[in-house]
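Take the given structure of chain D and dock chain C to it, following the hints.
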Amino acid sequence: MKNLFIHIILLISISACKNKAIEKPVWVNKTDILSIPIESLVFIADEENWEATLLSFTQPVPLTVRFTNDGFVLSSQNKYGITEGMAQLILSNGSQHFYYDLNLHNKSFGSISEKDYRSPKTVNPDSSLAQHRLLHTIDEWRNILNAPQQLQPFYEDIIQLNPIAGTYRAQKDKALSSFYVQPGSATSIEVNSVYNKDENVFVVTTGPLKDKHNNTVANGTVVAFIYSDDEQTYRMEAALLNGFASVKIPAEKNRQYSLTAKVNETVSKQVQLSP
Amino acid sequence: MMRILFILLIVIVTAFFFLQGRLNERNGEKPVFLRNDELAEAHLTKINATVHSMYKPDSIQLETFKKDYSNLWAHLNHLYETNDVEAGKEYYSEEWFKQINHHYNGPVQTKIKRSDEQHELHIENWAWDGLACTVSDSNVIFHYQYSDKSSKTTKANLKLVLLFQGDHWRIDALRLISETPLK
Numbered sequence: 001m002k003n004l005f006i007h008i009i010l011l012i013s014i015s016a017c018k019n020k021a022i023e024k025p026v027w028v029n030k031t032d033i034l035s036i037p038i039e040s041l042v043f044i045a046d047e048e049n050w051e052a053t054l055l056s057f058t059q060p061v062p063l064t065v066r067f068t069n070d071g072f073v074l075s076s077q078n079k080y081g082i083t084e085g086m087a088q089l090i091l092s093n094g095s096q097h098f099y100y101d102l103n104l105h106n107k108s109f110g111s112i113s114e115k116d117y118r119s120p121k122t123v124n125p126d127s128s129l130a131q132h133r134l135l136h137t138i139d140e141w142r143n144i145l146n147a148p149q150q151l152q153p154f155y156e157d158i159i160q161l162n163p164i165a166g167t168y169r170a171q172k173d174k175a176l177s178s179f180y181v182q183p184g185s186a187t188s189i190e191v192n193s194v195y196n197k198d199e200n201v202f203v204v205t206t207g208p209l210k211d212k213h214n215n216t217v218a219n220g221t222v223v224a225f226i227y228s229d230d231e232q233t234y235r236m237e238a239a240l241l242n243g244f245a246s247v248k249i250p251a252e253k254n255r256q257y258s259l260t261a262k263v264n265e266t267v268s269k270q271v272q273l274s275p
Numbered sequence: 001m002m003r004i005l006f007i008l009l010i011v012i013v014t015a016f017f018f019l020q021g022r023l024n025e026r027n028g029e030k031p032v033f034l035r036n037d038e039l040a041e042a043h044l045t046k047i048n049a050t051v052h053s054m055y056k057p058d059s060i061q062l063e064t065f066k067k068d069y070s071n072l073w074a075h076l077n078h079l080y081e082t083n084d085v086e087a088g089k090e091y092y093s094e095e096w097f098k099q100i101n102h103h104y105n106g107p108v109q110t111k112i113k114r115s116d117e118q119h120e121l122h123i124e125n126w127a128w129d130g131l132a133c134t135v136s137d138s139n140v141i142f143h144y145q146y147s148d149k150s151s152k153t154t155k156a157n158l159k160l161v162l163l164f165q166g167d168h169w170r171i172d173a174l175r176l177i178s179e180t181p182l183k
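Residue numbers (my numbering), protein chains in the order written: chain D, 1 to 275; chain C, 1 to 183.
Looking at chain D on its own, in the form it has when it is part of the complex:
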């Protein structure tokens, strides 16, 4: 009898130690598609001390809980969007958690970015003006959108660039999307020479050097001036600046030179230098 009494006391003690079961809060304005940012989700609950987290596909987002007489109201802590799609609302009270399946949808796309990745970044008309273009559209919250008039979100093609040398941007407002069309090689070289009596030199000038698309050949391109008299051959070099390069060749009495200018494989006509 005594043992039975002790056992009953023990059973009562154990049941007294057990956590009180908390009832799942009733979601009054329940919806399957939840618009972000949340204005108010109303719950009826007997208990207080609730914590709420919106678990998007990407990350948990803490919500603000405001307690009322018969429950609590949830709202977003900020106005930022989220990864759209399947998600869960988690309500926690101590060690008890309740889950509500739902679908997230942002009220606004925010600012939409039309991404345009180009490669190669630098093209030269001597080789190819072809460029690979990769297009897709992203909203401000990094959700991929279907491009306008496209069923698929991704698009790629090969485009032929305009052969005019310059720096361009695939996306006007993004410096990082810049790509470059370089000038090509010179197609012909014109040489002019003038004898400067005061300095006793021939001033030999080439230019303007143009590529096959009429772009001025790149600054710094080396022009070799090769000239010879009856006995020896000489070489002077100068770098192009704005399509022109010039050298001064010392003149000597009764000595004539024949000169050609050369850029890579392109060679000018021969000119005679005589005082």
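There could be a bad hint or two in this list.
Straight-line Cα separation of at most 25 angstroms, DMTMM-like style, residue types lysine to aspartate or glutamate; simulated pairs [claimed, not checked]:
1) Lys183/C x Asp32/D
2) Lys155/C x Asp101/D
3) Lys152/C x Asp32/D
4) Lys111/C x Glu51/D
5) Lys152/C x Asp173/D
6) Lys121/D x Asp167/C
7) Lys269/D x Glu237/D
8) Lys89/C x Glu63/C
9) Lys111/C x Glu48/D
10) Lys111/C x Asp148/C
11) Lys149/C x Glu23/D
12) Lys30/D x Glu179/C
13) Lys113/C x Glu23/D
14) Lys172/D x Asp148/C
15) Lys111/C x Glu47/D
16) Lys89/C x Glu114/D
17) Lys79/D x Asp84/C
18) Lys113/C x Glu51/D
19) Lys98/C x Glu140/D
20) Lys111/C x Glu23/D
21) Lys98/C x Glu47/D
22) Lys107/D x Glu95/C
23) Lys107/D x Glu179/C
24) Lys248/D x Asp198/D
Covered stretches of chain D, as calculated for chain C (at least 3 residues, CB under 8 angstroms) [to be verified]:
25) 82-92
26) 113-123
To be clear, the hints were calculated from the coordinates, so they are not data collected in a lab. Beta carbons: idealized from backbone N, C-alpha and C, even for Gly.
Relative to chain D, chain C alone:
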């Protein structure tokens, strides 16, 4: 006497600077190639990749991509469970990192553990220079383990944009097309 005091002064000053140097805490972050990514190393998933793009990655590029993609999911699952935005930052583009930080108020314990068991990866586009790509990840099997020991398994379809920046493929954008429970 003066000499002894002078030597003592030098000894004290030297000891002071030595101890200062030793006690200074060095909080500098190690460069990424010296860090051990335990989350990524512990992560196991099955990835089958099919290439549909105009330009194709070579075998080495594809292996690198699959490895980084697996590591990325280790960190995305960790982010899902804890909202620890820092841990996986080597696998996030700058814009993605900014976006997840909008919803960061400190770590959270969601009590839901997600694991990705299988991916059928379709490389839709691969940039000529190998620095950007878009993928469809079909029939991804996710397993969710809840704190009350219950669990669920889902099948999902995703679209992702990834950029190769700073030695890693990084997620830049994502779209969850569908996610349905498996019976």
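Here is how each hint holds up against the structure:
Restraint check for Lys183/C and Asp32/D: satisfied, since their Cα atoms lie roughly 21 angstroms apart, inside the 25 angstroms limit. Of the supplied pair hints, the one linking Lys155/C and Asp101/D holds, its CA atoms being roughly 15 angstroms apart against a limit of 25 angstroms. Pair hint Lys152/C plus Asp32/D holds up; C-alpha atoms about 19 angstroms apart against a cutoff of 25 angstroms. The straight-line distance between the Cα atoms of Lys111/C and Glu51/D is roughly 13 angstroms, inside the 25 angstroms bound, and the hint therefore holds.
Proposed proximity of Lys152/C and Asp173/D is contradicted: the alpha carbons are some 45 angstroms apart, above 25 angstroms. At most 25 angstroms may separate the alpha-carbon atoms for a hinted pair to count; Lys121/D and Asp167/C meet this at roughly 19 angstroms. With a CA separation close to 17 angstroms, the supplied pair Lys269/D and Glu237/D stays within the 25 angstroms bound. With a C-alpha separation of about 21 angstroms, the suggested pair Lys89/C and Glu63/C falls inside the 25 angstroms cut-off, and the hint holds.
For the hint pairing Lys111/C with Glu48/D, the CA-to-CA distance comes to about 20 angstroms; that is within 25 angstroms, so the pair holds. Simply put, Lys111/C and Asp148/C have alpha-carbon atoms about 9 angstroms apart, close enough for the 25 angstroms limit, and the pair holds. Under the criterion of a C-alpha separation no larger than 25 angstroms, the hint pairing Lys149/C with Glu23/D is consistent with the structure, at around 19 angstroms. Simply put, Lys30/D and Glu179/C have alpha-carbon atoms about 21 angstroms apart, close enough for the 25 angstroms limit, and the pair holds.
For the given pair, Lys113/C sits about 24 angstroms from Glu23/D by alpha-carbon distance, which is consistent with the 25 angstroms threshold. Note on Lys172/D and Asp148/C: the hinted pairing is violated, with a Cα-Cα distance of about 52 angstroms set against a maximum of 25 angstroms. Simply put, Lys111/C and Glu47/D have alpha-carbon atoms about 21 angstroms apart, close enough for the 25 angstroms limit, and the pair holds. Under the criterion of a C-alpha separation no larger than 25 angstroms, the hint pairing Lys89/C with Glu114/D is consistent with the structure, at around 24 angstroms.
The hinted pair formed by Lys79/D and Asp84/C meets the criterion: a straight-line CA distance of about 21 angstroms does not exceed 25 angstroms. About 19 angstroms separates the Cα atoms of Lys113/C and Glu51/D, which keeps this hinted pair within 25 angstroms; it holds. Taking the CA atoms of Lys98/C and Glu140/D, the gap is near 11 angstroms; set against the 25 angstroms cutoff, the hint holds. At roughly 19 angstroms between alpha-carbon atoms, Lys111/C and Glu23/D fall within 25 angstroms of each other, so this suggested pair holds.
Our distance criterion of 25 angstroms between C-alpha atoms is broken by Lys98/C and Glu47/D, whose separation comes to about 37 angstroms. At roughly 20 angstroms between alpha-carbon atoms, Lys107/D and Glu95/C fall within 25 angstroms of each other, so this suggested pair holds. Of the supplied pair hints, the one linking Lys107/D and Glu179/C holds, its CA atoms being roughly 21 angstroms apart against a limit of 25 angstroms. For the proposed pair Lys248/D and Asp198/D, the alpha carbon gap of about 13 angstroms is at most 25 angstroms, so the pair holds.
For the region 82-92 of chain D, the stated coverage by chain C is satisfied: 8 residues place a CB nearer than 8 angstroms to a CB of that chain, which reaches the threshold of 3. Using a Cβ-Cβ cut-off of 8 angstroms, 5 residues of the region 113-123 of chain D lie near chain C, which meets the minimum of three, so the contact claim holds.
The structure is inconsistent with the numbered hints 5, 14, 21, although it conforms to all the rest.
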